[in-house]
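*Asks:* Each chain, letter by letter, is given below.
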Amino acid sequence: MPTVGVKRDLLFEALGRSYTDEEFNDLCFEFGLELDEVTSEKDIISKEKGEGKAEGASETVLYKIDVPANRYDLLCLEGLVRGLQVFKERINLPRYEKIIPAKGEGQKMIITEETVKIRPYAVAAVLRNITFTKERYDSFIDLQEKLHQNICRRRALVAIGTHDLDTISGPFTFTAKAPSEIKFKPLNQSQEYTASQIMDLYRTDSHLRHYLHLIENKPRYPVIFDSNGVVLSMPPIINGDHSKISLKTRNVFIECTGTDMTKAKIVLDIIVTMFSEYCEKQFTVEAVEVTYPNGKTHICPELAYRKEKVKPELINKKLGISETPSSLAKLLTRMCLSSHVTGNGNNIEVEIPPTRADVIHACDIVEDAAIAYGYNNIQMVIPKTYTIANQLPLNKLTELLRLDLAAAGFTEALTFALCSTEDIADKLGMDISATNAVHIANPKTAEFQVARTTLLPGLLKTIAANRKMPLPLKLFEISDIVVKDPTKDVGARNYRHLCAIYYNKSPGFEIIHGLLDRVMQLLEVPPNEENGYTIKATEAAIQKLSRDDMEIPCSSTDIGI
Amino acid sequence: MSPSVAELLLQRLERTPPGPEGGLCSLEAAAALGLDHQTLVGAVKSLQALGEVIEAETRATTRWELSAEGEEVLRDGSPEVRLFRSVPSEGLPQSDAMKLPGAQVGFSKAMANKWLRLDKGAPGGPRIFRAVDAVQDVVQSSLRQVQEGNGSSLSERERTDLKRRKLLLEVTLKSYWIRKGSAFSTAVVRQETDLTPEMIATGSWRKLPFKAYNFSALGLPPTCGHLHPLLKVRSQLRQIFLEMGFTEMPTDNFVESSFWNFDALFQPQQHPARDQHDTFFLQDPAEAPELPANYMARVKKVHSQGGYGSQGYKYEWKVEEARKNLLRTHTTSASARALYHLARQGKFTPVKYFSIDRVFRNESLDATHLAEFHQVEGVVADRGLTLGHLMGTLQQFFTKLGISKLRFKPAYNPYTEPSMEVFSYHEAPP
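From first to last, the protein sequence lines are chains A and B.
Numbered as in full-length UniProt numbering, the first sequence ends at 561 without a single skipped number.
Numbered as in full-length UniProt numbering, the second sequence ends at 430 without a single skipped number.
Among the hints, erroneous ones may be present.
[Stated by the list, open to error] Derived CB-CB ranges, DEER-like: (1) A:His210 - B:Tyr340: 51 to 57 Å; (2) A:Glu51 - B:Gln48: 55 to 61 Å; (3) B:His369 - A:Thr133: 39 to 45 Å; (4) A:Asn294 - B:His369: 48 to 54 Å; (5) A:Ser326 - B:Gly309: 22 to 28 Å; (6) A:Glu524 - B:His369: 41 to 47 Å.
Note that these hints are calculated values from the structure, not bench results.
Ideal placement from N, C-alpha and C gives every residue a C-beta, glycine not left out.
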């Protein structure tokens with residue numbers, strides 16, 4: 001869940017009223033948000049670096065709000081406020097308008113063929129006559145970062161660049177060049193660097209070094225420049241210093257480049273809808289014409305309004321409520337899905353704005369109606385579905401045996417299904433290839449290299465960790481092991497195993513033997529060769545306990561049934 | 001046989017005068033009998049167990065004793081006097097004086113008593129001089145008083161002062177004031193602890209006194225086996241599901257393909273949950289050999305183009321991604337398989353399914369998070385089901401667990417819509 005940090009007082013100012021922490025918590029709960037933490041910059045630094053470093057830091061109260069992962073329109077203060085105000089019916093959802101400039105007057109961006117192999121897609125837009133304050137500016141930068149982390153998948157899918165339009169002049173070119181051919185002064189640097197130098201420059205930067213790999217080993221790096229050759233940015237790494245935005249910036253040129261066109265469009269839509277609030281002509285965005293290598297032009301941003309028709313009965317039926325079509329339309333409008341009743345009053349037309357790219361099916365609309373209605377207002381009913389329950393025979397048997405093994409004086413253990421290769425091979429005197437085990441590709445530690453093929457290592461480790469407890473230790477486990485199986489659709493399967501272990505100062509093979517006899521007795525398997533079970537001796541295996549280097553001879557026996 | 005401590009005590013007690021004044025102090029008695037006090041206390045306790053033979057009242061006495069440092073001062077004199085005596089007529093440089101043992105304490109005390117003066121501007125550094133000709137070691141004599149047992153002759157303030165300087169210790173002694181009880185006798189009757197077959201055979205049990213059971217101690221814990229606490233909860237939850245008519249789903253595959261774990265559940269292929277650091281991917285077997293072809297084609301279409309009323313995610317769906325094997329991150333993959341089989345049945349029958357089994361995630365471990373844990377999952381499939389039915393089912397489930405106050409909160413899940421999180425709460429006590 002992404003977390004958005006907003007200054008509480010700014011939030012209340014924008015909402016037009018203040019709340020107690022508890023009241024705001026309740027509002028969040030209703031809407032589907034979570035007030036995760038009430039803190040301040042001072043508290044944060046205090047926790048991370050100690051109280052000493054926090055001296056002089058801001059004590060302004062910050063709200064950390066958890067936002068659903070698919071709501072890109074709630075990732076900044078502007079979006080949160082807008083969403084909450086519409087939810088509470090204090091404002092109407094603004095209508096976002098795309099202004100297409102007169103012919104010859106608008107900005108253009110040309111994409112060349114070289115980008116196809118590395119970063120094929122780009123979209124752009126202009127925010128005209130915008131007024132930034134420190135807070136708005138910070139929010140603008142924060143939103144870009146949040147989008148980069150989430151929908152942009154850490155800049156791999158989409159990267160955002162924002163520029164002061166008055167410092168550059170179109171038409172703009174988005175192309176890809178050899179690293180040596182790209183030279184510019186990166187953001188906040190004092191001199192020019194070539195692209196290869198920039199790679200080295202940011203190799204140790206805690207923030208940017210994670211993105212270098214996206215283009216580093218490619219023959220050409222993406223780059224955007226204007227009609228005078230001034231570099232705007234080298235996505236996804238860094239923008240140019242020349243076109244950087246300041247508090248005085250009045251006109252903003254936004255470009256989003258990437259490898260996923262759908263996401264690039266969504267990202268651009270989110271940024272412009274959120275911040276067009278601060279344009280002189282509120283909620284308007286100036287379009288940019290983007291030309292692709294194949295000559296096709298595309299007017300950005302998309303700012304598409306999609307209409308979907310939903311039957312009121314559908315919503316009522318799915319939720320178990322009975323609201324009139326007009327009240328349902330009102331509920332949806334509160335969720336930023338402007339709706340009205342159509343037809344003969346038996347249909348609702350829902351308009352999905354560009355900020356709600358998360359609405360992709362009628363069920364999303366149904367969910368929003370439920371949220372506006374209030375989940376806790378829905379009446380709880382029991383399904384009339386009549387079914388007879390069935391247990392899985394294997395689980396039923398397991399439950400019965402567990403009880404009897406405990407009754408026999410053994411204590412149940414629950415151990416990890418993942419372990420090291422030595423645990424199931426070397427330590428048991430076997431070769432790993434003979435175990436037919438399933439291997440993990442990306443274990444974080446050696447403890448998670450394979451899935452267990454026997455329950456024995458887990459129980460032995462449990463004994464090792466509890467050696468100091470009063471003896472004897474009698475443990476058992478009935479649980480799954482995993483082996484490869486080419487006949488299964490995934491290539492592996494589980495088997496249910498039973499394992500029991502006896503640990504004492506004196507050996508007690510007869511105890512385990514006795515337990516085995518008891519289990520067989522319960523399973524009604526007689527102790528004879530023709531129709532029952534027998535025990536045969538096999539080679540002794542040496543087991544090293546994991547804490548010390550003690551060698552404990554265990555005899556391994558085969559039980560044939 | 002020589003008399004036991006208890007018998008000696010009883011004999012001594014017999015000689016005390018009757019009436020409320022008559023009694024023994026356990027400390028005095030122990031001293032008189034030449035015994036360690038604790039041994040006598042043991043005898044007192046055992047006599048108490050016999051009933052009304054004696055009465056014993058606990059008393060606390062405080063005594064003053066010298067600490068180890070106090071003993072030192074008694075022997076050598078207090079630090080301030082020692083320092084005073086070390087200062088010759090021509091004075092002593094402060095740096096030298098501070099090197100003497102006990103000089104820190106001694107200096108500040110001597111200055112406070114105005115026995116010494118410090119000349120800061122003296123040539124060769126600050127110098128200490130005697131301010132008076134002679135002094136009296138009051139501290140040492142006070143300590144001697146305590147040593148001789150006359151601690152009470154010192155004033156409260158003096159004692160507190162000495163205590164603060166850690167020269168004096170206040171020791172609390174617990175003793176007993178022992179008196180004759182209503183059933184007093186000098187004979188200590190031996191009590192039997194066990195009933196034996198011989199006693200029953202001879203009938204002697206009728207006349208023998210038996211020791212009372214000590215019910216304030218615990219009994220012998222039975223040597224039994226135990227079930228694992230987490231698995232006990234699993235059994236309980238399983239029971240609740242069965243009571244509600246839910247049938248158990250097969251979940252006997254920790255290894256799952258990305259297809260069933262993610263794609264069939266509408267989780268896009270670029271989703272963060274499919275990252276290396278959240279999911280355990282497999283090296284061997286790395287890919288699932290078999291995926292249902294027809295179903296897979298439909299899943300591919302919905303992801304990349306949309307369908308069944310959905311806009312889809314509109315990205316390029318790759319079958320190689322779907323084939324990647326992993327350790328399941330949720331048992332919802334089993335539910336997907338179960339619903340798939342239900343759909344292929346031909347004629348639809350309403351069902352209620354459940355499962356409780358192990359799932360895996362590749363995250364850093366901490367105090368409350370492991371890489372392996374259990375998930376509880378339930379599915380109801382029928383016609384005409386509503387969100388109200390889901391909430392009602394959850395309400396019943398939790399009521400059977402003893403939790404009846406629930407609140408529902410909107411949440412987001414790629415494969416459920418509407419989605420919710422359930423919270424339970426307790427009413428605040430009035």
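*Asks:* Hint by hint, say whether it matches the structure.
*Replies:* Hint check results:
A hinted range of 51 to 57 Å for the beta carbons of histidine 210 of chain A and tyrosine 340 of chain B is inconsistent with their spacing of about 39 Å. A hinted range of 55 to 61 Å holds for the C-beta pair glutamate 51 of chain A and glutamine 48 of chain B, which are about 57 Å apart. A hinted range of 39 to 45 Å holds for the C-beta pair histidine 369 of chain B and threonine 133 of chain A, which are about 41 Å apart. Between asparagine 294 of chain A and histidine 369 of chain B, the C-beta spacing of about 50 Å keeps the proposed range 48 to 54 Å intact.
Between serine 326 of chain A and glycine 309 of chain B, the C-beta spacing of about 24 Å keeps the proposed range 22 to 28 Å intact. A C-beta distance of roughly 43 Å is found between glutamate 524 of chain A and histidine 369 of chain B, which places it inside the suggested range of 41 to 47 Å.
Violated hint for the displayed structure: number 1, the only one.
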